[in-house]
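Read off the chains here:
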Amino acid sequence: MMNKGKALSLMLAATLSVSALTACGGNNNNNGAASPAASGSSAAASGSADAGAKDTITALLPPVSPTYQDNFDQMEKDFNAQYPNLTLKIEPASWEDMTQKLDTQVNAGSPPDIAFIGSDGIAKYVQQGMALDLTDVATSEMTGDYDATPLEYMKNGSGLYGFPAYMEVHALGGNKQFLEEAGIDWKKVQKDGWTYEEFREAIKKGVVKNGDATSRYGFVFATAGVASKDYLGIMAKSAGMPAAFNEDMKYAYTSKNYLELLTDLRQLIDDGSMPKELSSVDAGKRWNMFLTGQTMITGKGLATFENSAKKNNEKIDAKDGSAVKDSIKVDYIVLPVPTFAGALPISYTVVDGYVAFRGKKEPTAEHKANIAKAAYFLSSGKVAATTNNDLFAAHITKSARDAAASMPMERDPNNQAAVQTMLSHAAPARPDIPAELGAKAIKIENEVIIPKMQALLANEIKPQEMYDAVKKAAIAAFGEDGIVQD
Amino acid sequence: MAQPAQSAKKRKIKGDGVWGYAFIAVALIVYAMFTAYPVLSAFIISFQEYKPLGSTYIGFDNYTATLKDDLFWKSIKNTLVYTVLTVPVALLLSFLVAIMILPLRKKLQAVFKAVYYLPVVASGVALSLVWLWIFDPMPGGIFNQFIGWFGAHNQNWLGASATAMFSLVIMAWLSSHGASIIIYLAALLGIDDSYYEAADLDGASFLQKLWHIVIPSLKPTTLFLLVTAVIGSFQVFQNAYLMTGGGPDHATTMVGLLIFDNAFKYFEFGKAAAQSLILALIIALVSLFQFKFLGKDVDY
Amino acid sequence: MSLYNNHTGSRAGKTARNAVIVVLLLLFALATLFPIYFMVMSSFGDPVEAGAVSYSLWPSSFTLDSYKFFFDYSEYSYRWILNSTIVAGAVTITNVFFATMAGYAFSKLRFKGRGLLFSILLAAMMIPYQVTQVPLYILIVNTFQIENSYSALILPGLVTVYNIFLAKQFMSSIPTEIMESAKVEGCSQLQIFFRIIMPLSKTVMAVIAILTFMDSWNTFFWPFLVTNTMDMQTIQVGLKNFRFANTTYFSPMMAGATISAVPMFILFFSLQRYFLEGVTVGAVKG
Chain L
0 MMNKGKALSL
10 MLAATLSVSA
20 LTACGGNNNN
30 NGAASPAASG
40 SSAAASGSAD
50 AGAKDTITAL
60 LPPVSPTYQD
70 NFDQMEKDFN
80 AQYPNLTLKI
90 EPASWEDMTQ
100 KLDTQVNAGS
110 PPDIAFIGSD
120 GIAKYVQQGM
130 ALDLTDVATS
140 EMTGDYDATP
150 LEYMKNGSGL
160 YGFPAYMEVH
170 ALGGNKQFLE
180 EAGIDWKKVQ
190 KDGWTYEEFR
200 EAIKKGVVKN
210 GDATSRYGFV
220 FATAGVASKD
230 YLGIMAKSAG
240 MPAAFNEDMK
250 YAYTSKNYLE
260 LLTDLRQLID
270 DGSMPKELSS
280 VDAGKRWNMF
290 LTGQTMITGK
300 GLATFENSAK
310 KNNEKIDAKD
320 GSAVKDSIKV
330 DYIVLPVPTF
340 AGALPISYTV
350 VDGYVAFRGK
360 KEPTAEHKAN
370 IAKAAYFLSS
380 GKVAATTNND
390 LFAAHITKSA
400 RDAAASMPME
410 RDPNNQAAVQ
420 TMLSHAAPAR
430 PDIPAELGAK
440 AIKIENEVII
450 PKMQALLANE
460 IKPQEMYDAV
470 KKAAIAAFGE
480 DGIVQD
Chain W
0 MAQPAQSAKK
10 RKIKGDGVWG
20 YAFIAVALIV
30 YAMFTAYPVL
40 SAFIISFQEY
50 KPLGSTYIGF
60 DNYTATLKDD
70 LFWKSIKNTL
80 VYTVLTVPVA
90 LLLSFLVAIM
100 ILPLRKKLQA
110 VFKAVYYLPV
120 VASGVALSLV
130 WLWIFDPMPG
140 GIFNQFIGWF
150 GAHNQNWLGA
160 SATAMFSLVI
170 MAWLSSHGAS
180 IIIYLAALLG
190 IDDSYYEAAD
200 LDGASFLQKL
210 WHIVIPSLKP
220 TTLFLLVTAV
230 IGSFQVFQNA
240 YLMTGGGPDH
250 ATTMVGLLIF
260 DNAFKYFEFG
270 KAAAQSLILA
280 LIIALVSLFQ
290 FKFLGKDVDY
Chain H
0 MSLYNNHTGS
10 RAGKTARNAV
20 IVVLLLLFAL
30 ATLFPIYFMV
40 MSSFGDPVEA
50 GAVSYSLWPS
60 SFTLDSYKFF
70 FDYSEYSYRW
80 ILNSTIVAGA
90 VTITNVFFAT
100 MAGYAFSKLR
110 FKGRGLLFSI
120 LLAAMMIPYQ
130 VTQVPLYILI
140 VNTFQIENSY
150 SALILPGLVT
160 VYNIFLAKQF
170 MSSIPTEIME
180 SAKVEGCSQL
190 QIFFRIIMPL
200 SKTVMAVIAI
210 LTFMDSWNTF
220 FWPFLVTNTM
230 DMQTIQVGLK
240 NFRFANTTYF
250 SPMMAGATIS
260 AVPMFILFFS
270 LQRYFLEGVT
280 VGAVKG
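Chains as they are written, first to last, in numbering that gives the first Met the number 0: chain L, 0 to 485; chain W, 0 to 299; chain H, 0 to 285.
Some hints could be false.
What the hints assert, rightly or not - Under 8 Å between C-beta atoms, here's a sample of chain H residues computed to sit facing chain L:
#1 Arg-10
#2 Leu-25
#3 Leu-26
#4 Tyr-136
Claimed, not checked - Below, computed lysine-lysine pairings styled on DSSO-like, alpha-carbon distance capped at 27 Å:
#5 W/Lys-73 to L/Lys-461
#6 W/Lys-105 to H/Lys-182
#7 W/Lys-67 to L/Lys-470
#8 L/Lys-187 to L/Lys-204
#9 L/Lys-381 to L/Lys-88
#10 L/Lys-360 to W/Lys-73
#11 L/Lys-190 to L/Lys-88
#12 W/Lys-106 to L/Lys-439
These aren't lab readings, by the way, just hints derived from the structure by calculation. C-beta atoms are modelled at their ideal positions from N, C-alpha and C, and glycine is treated no differently.
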C-alpha cells in the first residue's frame, strides 16, 4: 500500500512538473495566434535561398484511387530521386474528412504546402488569402504539358493556384439489355444526346411493374443528403445554366429555366419512372439497385463504374457467391444527361487537382518554386498515368499519355467515344467569377438549394415554392440587379 | 452549483484548504491550458471576422446576426425537441435496466452488463452505415419490413420532414445506454445494505424501498447523468451529420451541426464562436435550473 | 441485493420473477444489439465495395478475408491498434487518478473558492467542442509544436471535467464521519486519500476507467487533426482509410470496427468484478 502510494505521489510530482513546464512554454508563446508564429511550412520557408538548398514540401492527400495511398512511399522516393535536395512529405487523409482537416489547418494558419481538392474549392481559399499563386514559378515546360481546359479550372482571377489531376465527366449509366428491351437506340443517344421529353418517354418504358409494386424503375439517381446538390448541379448545366453566374456576373438560378428544370425533375418522380423515396437513395443504394436490375438507368455515372460492373459480371460467372447478392450481369453504357428547356448540352465536368497553400509567413520564392515542382510531379507523368488509369479517367497531360502508353487498359470503345463527345462540350472554367460572389453562391446552395431540393424530392413542397425561396435568398445576397430576371 | 456547496459546508472537514488546492492542482492546470485558453480564444474570436492572416474586430455583429438568423432559432428548436424526446427516455430506460439486472445471479448480471455495454464500444461511423440500412426507404428496409407486418406502408424515414427527426430519436432510444446503465449499477451497488435492512424490519414493499431508499440515494447520480446528457444532447451533431446532413429542409439541423457548418464549411469562425457562446449560455441556464430543481435536497 | 425481498415469497415466485425480467431484458437487448450483430456479421463477408453489400440478415458466406484485407491493406494496421492502446491507456490512468483526487477535493474538502472553481470547470463543458478545436490546434501545433506525437494525442485529455464531476457525485455518498475519525487518529490528508478514499472508490474508479478508455479509443476528430503520418494514426483514423471517393470497402471496415471493439471488451471484463463487488461503505465502517 505504501509503495503504491509512493509511486503514485511520484507520478503526480512528475506530471505536475511536466505540466508546469509546458505551461511556461504556453505563456511565452501565448499570442502565437495573432503573431506571425511558425507555420506548418516554416521549416521549409526559413531554409536558405541558395539554389539546391534542402527543402521539404508537405502534401495532404486523400485516397484518390483505390491503390493511390499504397504508392505514397514510391512517390516520395521517386520525387527525391528526381530532386535530390527536396523531400516530399505526404500526409494521408480520408476523402470525407479531408476538407475538415485542411480547413482546420488553414484556419490555424498552418496548412500543408499542397492539398488535393476539387477546383471548385479554390475560390474559398483565395478569398481567405491562403491559396498560393504559382503563376510566376510555374515554368512553361510545366503549364505546356496540360490540356488547356482543365488547367483553366485551377485559376481564379489571374492567379494559377495549382495543377489539375484529372477532368471527369459526371453523366448517367445505363443497363444495355434493359435499354434495348425498351427500344432505346443508346448508340444514337451517346452520339447525339437527348432532350428531356425523349428522356422522359424512354425511362417510362424502362419501368416494370409487378402488380402494384414497381420491380424496376426507369431511372434512379443518388440524392440522399448533399448528393441532391450533384443531381441538380449536373442537370442544370444542360438547362442553359452552365455556372451559378452568367457572363454578366448575374446569378443564374433565378432564370425561368431553373423553374422549368425543377418542374421536370419532380415530374419524373410523379410519372413513377423514379422511386418516390428518391430523397433518401444514397450512392451505395442506387449502385446496388443498378446491379440487381432494379433500375434501367442510374446516376451519377463515372467512367470507373464500367470497371465495377465488369468485375461483378466476372464474379457471377465464377459462381463462388462473391458477387453482389441477387445481381445480374450488366453491360454498363455511358449515357449523356438530357437537355432541358431547349438548351444546349453542356457536360458537368469535375476537375480535381493539387492546390498550393501558404502559411502565415509569406513563403520564399525558392520554396514556392519547389511547391510547383512537387505539384507538377504529382499531377503528370507516371504518377498521373497510374492514378487516372486506376480511375478510368482520361489523361490530361502529354507526359501522362506517354507514360500510359505502355499500360494496358480495357475499355468499351463506345463508352470511351461517348465520354470524349461529352468532354468536347464540357462546361468552361470560370476563373472570372470573383471569389466573394462564388462564396455567396455556395452559401445559398448549402442553406437554401440543398434543403429545399430535399423537400422537393420528398414531395413536401412544389417546384414554385423552391424557386421562390432560391430567388428570395438570391435577391438578399446579390440585389435585384445581381440576378437573372427573364 | 454554489447552492448545494453552501448547504453542505458545515459537514466538510476543517483546515484542509491547502490540501484541497493540491488535490485539484493538476486538474486545474490541464483545464487552464487545454480548455480555458481555447474557450477564451473563442470568446475573442466571436467579436471578430476571423481570417487566418489577421482578423478584424467587428464588435457585436456576429451576435446580432445570429440572434436575427431564423435558421439559428430553428436549429435551437430542433435541438430542444430532440433533447426532450431523448434524454428522459434514455435515463428511464437505463434506470429500469439497471434495476432489473440487480436481482439476477452474478453470471447473468455479467452477461447483461456486457450485452448492454456492447453497442457503446463500436465506432459510430461503422454503426451509422447499419442504421442507414435499417432506415432504408424501400420496402426492403428493416424498419419498413417491420411496420409492414402491421400493414403500414413503407416510409421515407430519413428523407421526409415528418419522420426524419423521429428516426433520429428512435436511433437514440435504441442505442448507447451502456454508459448510464453502468453508472447507475455502480451507484445502486453503493447503497448501504443497512438501509434495506431497516426497511425490511419495517416490512416495506419493493416499491416502497424503491421510492424511499433507491431513488433518493441515486439523486446525485441522476443529477449527474441528467446534466451531462442534456449538455451532450444540446451539442449533438454526429447523428444528424452522418444520417441526414441536417435535412430534409433543415428538419434535423441541430444547433451543433449549424455551428460545425459555420466553422468548417463556410469559414465563418467568428460567427460559429458567437453561436457557441450563445448556446453555452442557454445550456448553462438549463443546467442551473436542473441543479436548483433537483440538487436542492441532495445529501452531500 | 436486498432491494428485492428475497426472503419473502416462495422460491418459485422468485424464479418466475427473474424469468420475466430476463425476457424483458433480452427483448430490449435484441433491439440495441442489432446494429452490432450486423456489424460483426458483415465483417465475415467478402471484402467488397459498399454498393455490393447484400443487406441480408444471415451471412451468405463465411470468410475471414475481410480481416486479412484489413491487416494487409496497410502495413500500419497493427501500429494503429498499438497507438490507440498507448493513448487510451495513458489517458485512462491519468484520468482515474487525477479525477478521483479532484472529485474528492470538490466533494469532501473545504477550501475557499471551491464552489466557484467547480462552477467554472462545469461551464467549460457547455461550450461545443467545434469552436475550441481550432484554438486548441493552434496551441498544440503552432505554439507547442508537438504535432504528430503521443503528447499531442494525450495532453488535452489528461483529466476531463466529466470525470471530475462523476467522481464528485459518487464521493458525496461516502460518509464524512469516516474521514473525520481518520483525522482524529492522526492520518494526513494524503493518507486519508490513498488508504481510505481510494479503496472506497474502486467502483467509480472502474467506471471512470472504462468510460475514459472507451471515449479515448473511439475519438476520431482530434487524433485525425494532429497526426500527419500513417504510423501515428489511431485505429479510428485508420479505419476511415477504407472509405474512398465513390466506394467503401464495407466488410473490411466492419472487420476493423469489430477488431477495434475487442480491446474495450477485454478491459470491460477485467474491470467487471469491481462493479459486481460494489464497495459497501458499511462494511468498512465497522
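Evaluated hints:
no.	hint	result
1	Arg-10	violated, 43 Å
2	Leu-25	violated, 30 Å
3	Leu-26	violated, 28 Å
4	Tyr-136	holds, 5 Å
5	W/Lys-73 to L/Lys-461	holds, 21 Å
6	W/Lys-105 to H/Lys-182	violated, 37 Å
7	W/Lys-67 to L/Lys-470	holds, 20 Å
8	L/Lys-187 to L/Lys-204	holds, 17 Å
9	L/Lys-381 to L/Lys-88	holds, 18 Å
10	L/Lys-360 to W/Lys-73	violated, 41 Å
11	L/Lys-190 to L/Lys-88	violated, 45 Å
12	W/Lys-106 to L/Lys-439	violated, 61 Å
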